[in-house]
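Chemist: Position chain B relative to chain A; hints supplied.
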Amino acid sequence: MSGDTGEGKILLPATIKRDAVINIRALLSHPMLTGMSRDQTGIPSPAYFVNDVVVMYGDERVAHFEWTSGISRDPFVGFSLLATKEAAVTVTWKDNKGGVYTQSADIRFSAA
Amino acid sequence: MSDSLSRRSFLKSFALALAALAASSRAAAAASSFAGPDDEPEDDVKRVLREKFGDRPIRKGHLSLDVPDVAPDSREVPLLIESDLPMTASSYVKGIHIVVDHNPDIYLAGFDFTPAIGAATLDTRIKMRRSSHVRIIAETSTGELWTTSRFVYTSLNGCV
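Here the protein sequences line up with chains A and B, keeping their order. Quick note on the numbering used here: the first sequence kicks off at 1 and runs consecutively. Quick note on the numbering used here: the second sequence kicks off at 1 and runs consecutively.
Mixed in with the good hints there might be a few duds.
Stated by the list, open to error - Label pairs and their calculated CB-CB ranges: (1) B:91 <-> A:52: 22 to 32 Å; (2) B:78 <-> A:51: 16 to 26 Å; (3) B:47 <-> A:109: 43 to 53 Å; (4) A:78 <-> B:143: 25 to 35 Å; (5) B:58 <-> A:19: 43 to 53 Å; (6) B:91 <-> A:46: 37 to 47 Å; (7) A:108 <-> B:40: 43 to 53 Å; (8) B:58 <-> A:44: 13 to 23 Å; (9) B:43 <-> A:104: 37 to 47 Å.
Claimed, not checked - Some chain B residues flagged as far from chain A (calculated, every beta-carbon gap over 10 Å): (10) 41; (11) 44; (12) 66; (13) 103; (14) 126; (15) 143.
Calculated from the structure, these hints are not laboratory results. For clarity, every value in this text was computed on a predicted model and none was experimentally measured. From the three backbone atoms N, C-alpha and C, an ideal C-beta is built for every residue, glycine too.
Next comes chain B alone, as it looks inside the complex:
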């Protein structure tokens, strides 16, 4: 009985210590230079977006991007992209674009769809050179542009 209690209290304190460690490392990460909630693109990223989409406004919304906060292997960072935009003949998502700010190829990939796809979902794996914003831009058949972004921390250089 006392044996299991001490084991339990040990596990409890260990878990608390882990939680504290995670919180402090997160705080430290947030304080570092390339982090933070600000996802305003830098000039070279803005240039790529302008080349691709002109001066049309890119608004936030209608997209969800599921990606790990910390990528254990930056050679294979899984992305899951979903959208609630309609997929009908009159209005559909005609393209989904992946932009990674700090990769050698900032514009990583484009996926063109037709209404026959039924839903604008996408699941793939990408490489990342270093910690960076990952941006998804959806272009509709009516010319609207929607975006979402997530900051992903990486460990190893993934550009192989």
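Okay, chain A solo, but in the shape it has when bound:
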């Protein structure tokens, strides 16, 4: 894994113009175990995966993802957003063991 479980990262384009469709990438450190694997001592590892992701833009809920453990370890998702306002993009990941992880990044329009 690239970091401690629950470490989130949100990547925005370097420059953002008002009303442009931008690409946002969200990454979380998480093992995403299916429950079918075993650890190094042969003991089955119980299922442990992110199953619910919410994307907020300011106070507006713009997207919601439902996942199974079929999403790869350290889950990554890239999606679009219509940059209509200067506001925070907040992603909240929840896992099946009650873990809640949040990360946000501010959308600021570049002068031009």
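Modeler: For chain B alone, kept in the frame of chain A given last:
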């Protein structure tokens, strides 16, 4: 001069041999049981689609799925999904669904969108148990269902 010529001809014949090898392995793969252009879902996949979408028709089109033909690591198969469907308040893609025929969870993930997203694109990485069709289904706010599928060959079991 003659040295570089022989090197060139060697490279040329090597490249031809590689191309022939690739063609023959592709032909062999196409002949194996789970391959072929037929992407008619099997019964268990049909059941999942019916549970999710009812008896509404699922038509092909409006979606592109970019995925490797052969996944070098089936624990991380990259998917890039794009659509030319409109993303306006009156008509938009409200959901994109990923279905993998031969995975333990056939219904792998669902992504719900609002018009604020601006474009129905998606980029993620999935696990695959074995070679399988990967199906993408887009659901519009007007209730239409569009699909596309690709067959992906895998090497290792990716269900960790």
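Chemist: Hints first: check each against the structure and report whether it holds.
Modeler: Results of checking the hints against the structure:
Distance hint for residue 91 of chain B and residue 52 of chain A: a CB-CB separation of about 27 Å, consistent with the stated range 22 to 32 Å. About 21 Å separates the C-beta atoms of residue 78 of chain B and residue 51 of chain A, a value consistent with the hinted range of 16 to 26 Å. With their beta carbons about 48 Å apart, residue 47 of chain B and residue 109 of chain A fall inside the hinted range of 43 to 53 Å. Taken as a hint, the range 25 to 35 Å holds for the pair residue 78 of chain A and residue 143 of chain B, whose Cβ atoms sit roughly 27 Å apart.
The given range of 43 to 53 Å is broken by residue 58 of chain B and residue 19 of chain A, whose C-beta atoms sit roughly 33 Å from each other. Take residue 91 of chain B and residue 46 of chain A: their Cβ atoms lie about 43 Å apart, and the range 37 to 47 Å holds. A hinted range of 43 to 53 Å for the beta carbons of residue 108 of chain A and residue 40 of chain B is consistent with their spacing of about 49 Å. Hint check: residue 58 of chain B to residue 44 of chain A, Cβ distance near 37 Å, so the stated range 13 to 23 Å is violated.
As the Cβ distance of residue 43 of chain B to residue 104 of chain A is approximately 44 Å, the hint placing it in 37 to 47 Å holds. Under the 10 Å C-beta cut-off, the non-interface status given to residue 41 of chain B relative to chain A holds; the minimum distance is some 17 Å. With a least CB separation of 15 Å from chain A, residue 44 of chain B remains clear of the 10 Å interface cut-off, as annotated. Residue placement check: residue 66 of chain B keeps its beta carbon more than 10 Å from all beta carbons of chain A (closest about 12 Å).
Distance check for residue 103 of chain B against chain A: the nearest CB is about 6 Å away, which does not clear 10 Å, and the non-interface claim fails. A beta-carbon of chain A comes within 10 Å of the beta-carbon of residue 126 of chain B; the shortest separation is about 6 Å. With a least CB separation of 19 Å from chain A, residue 143 of chain B remains clear of the 10 Å interface cut-off, as annotated.
When each numbered hint is compared with the structure, violations occur for hints 5, 8, 13, 14.
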